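There are 2 protein chains.
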Amino acid sequence: MIKLYGSPLSSAGRCYWMLEELAVPYEVMPLNLREKEQKSEAFLKINPNGKIPAMIDGDFVLWESMAINSYLAKKFESPLAPKNLQEESLIQQWSLWGLVDFQEPAVSWMIQEFFVPAEHRNQLVIENSKKALPRVLEVLNRGLEGKTFLVGDRFTVADVNLGTVTDILLGLKYDLSAYPHIQRWMTELHSRPAYKKVAQMRQMPK
Amino acid sequence: MIKLYGSPLSSAGRCYWMLEELAVPYEVMPLNLREKEQKSEAFLKINPNGKIPAMIDGDFVLWESMAINSYLAKKFESPLAPKNLQEESLIQQWSLWGLVDFQEPAVSWMIQEFFVPAEHRNQLVIENSKKALPRVLEVLNRGLEGKTFLVGDRFTVADVNLGTVTDILLGLKYDLSAYPHIQRWMTELHSRPAYKKVAQMRQMPK
Chain A
1 MIKLYGSPLS
11 SAGRCYWMLE
21 ELAVPYEVMP
31 LNLREKEQKS
41 EAFLKINPNG
51 KIPAMIDGDF
61 VLWESMAINS
71 YLAKKFESPL
81 APKNLQEESL
91 IQQWSLWGLV
101 DFQEPAVSWM
111 IQEFFVPAEH
121 RNQLVIENSK
131 KALPRVLEVL
141 NRGLEGKTFL
151 VGDRFTVADV
161 NLGTVTDILL
171 GLKYDLSAYP
181 HIQRWMTELH
191 SRPAYKKVAQ
201 MRQMPK
Chain B
1 MIKLYGSPLS
11 SAGRCYWMLE
21 ELAVPYEVMP
31 LNLREKEQKS
41 EAFLKINPNG
51 KIPAMIDGDF
61 VLWESMAINS
71 YLAKKFESPL
81 APKNLQEESL
91 IQQWSLWGLV
101 DFQEPAVSWM
111 IQEFFVPAEH
121 RNQLVIENSK
131 KALPRVLEVL
141 NRGLEGKTFL
151 VGDRFTVADV
161 NLGTVTDILL
171 GLKYDLSAYP
181 HIQRWMTELH
191 SRPAYKKVAQ
201 MRQMPK
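Residue numbers (the numbering used here), protein chains in the order written: chain A, 1 to 206; chain B, 1 to 206.
Isolated chain A, as found in the complex (with noise of 0.2 Å):
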């Protein structure tokens, strides 16, 4: 069975929304992060980076989210996989975009809002993020025009690492009008049972 170790309210809820989809049993494994166990000598030999998510399947070890959401699809022959070459290149385009180009400045932004107290919040990190976005959410919202789906004309991967993206901007509560084409594409992705399921679990109390 599938190993997956981290909290669906990181960024293992993407792979928790792709195990969803496609509803393959998996198991959720402890990992006391108060008590910095992912910084244990034994979670080290899983990640050495000391960082959730990773996966374990059999004694494949994989970690990196949108790396093992790309495994499971292939893995569980989904239609969430790639069909061919061209579609696997630009899912992997828009999936490494997607973290440098787009979370990274969301990331930043979300930690200085919620995670850092007021009195040490770092105004230089939200402003920068606030520059940046605009012109992410450009490409996004033109890589998606006259499109239900960014890739191949159907719900694949790529919807599910970029949708957990734009879900930060949604908690930051950032006006997203000015962006029809990813306003739709959002909403068509919060009415998926295993979106709406693992939604639920992370409002779930611990």
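It is possible that some hints are incorrect.
If chains are identical, the list can't say which one is meant, so a pair holds when it fits in one copy or spans any two.
As the list claims (entries may be wrong) - Derived BS3-like pairs: lysine-lysine, alpha-carbon spacing no greater than 25 Å straight-line: (1) LYS197 - LYS39; (2) LYS173 - LYS130; (3) LYS131 - LYS3; (4) LYS39 - LYS131; (5) LYS36 - LYS131; (6) LYS147 - LYS45; (7) LYS36 - LYS130; (8) LYS36 - LYS74.
No wet-lab data here; the hints were simulated from the structure. Computed from a predicted structure; not experimentally measured.
Assemble chain B onto chain A, guided by the hints.
This is chain B only, laid out in the frame that chain A set:
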């Protein structure tokens, strides 16, 4: 024929390296960065980010250098391509990690060092990179322990993608003596004829 936008001195350098490894003919597309041609309407239709590299193969357009390299290796059935899903996932894992955890701090430092005039240099950015890199290099060093290459016991896309990030540290004269596996691996990479050819291109005047 494969068309590539971007100079070998930029992050397109890793796509040049891949193309030289594949030994396939390719066409370098002219783009005048000084005149901001990457922001022109014509180029934004190719890469809406207004950035290099971008690749065109027939009517297929792809951006993100690491996605381009995966595409090229598979398209030309190179031994650098993954042989199975586990190898493919590990190449993706290292590439995603290489961009966010490793390239981001290395490039931020390089930009301050070489492109920002001394009086405007942001010392905090440099300090943050200096703090982040040892942890990152530890992970890479550990990932190369007892192995010649990163994935699959042979030279793959992962080595090209990560090797070009490590080279940024050479430009910064970063002391790598604490990371013997990285040093051995770099010597291996630098001995490849395709690498040498691109290194020569990088030194050529425009």
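Results for each hint:
| no. | hint | in the structure |
| --- | --- | --- |
| 1 | LYS197 - LYS39 | neither (30 Å within a copy, 42 Å between copies) |
| 2 | LYS173 - LYS130 | within (12 Å within a copy, 34 Å between copies) |
| 3 | LYS131 - LYS3 | neither (39 Å within a copy, 32 Å between copies) |
| 4 | LYS39 - LYS131 | between (34 Å within a copy, 18 Å between copies) |
| 5 | LYS36 - LYS131 | between (34 Å within a copy, 20 Å between copies) |
| 6 | LYS147 - LYS45 | between (42 Å within a copy, 16 Å between copies) |
| 7 | LYS36 - LYS130 | between (31 Å within a copy, 23 Å between copies) |
| 8 | LYS36 - LYS74 | neither (32 Å within a copy, 40 Å between copies) |
Checked against the numbered hints above, the structure violates hints 1, 3, 8; every other hint is satisfied.
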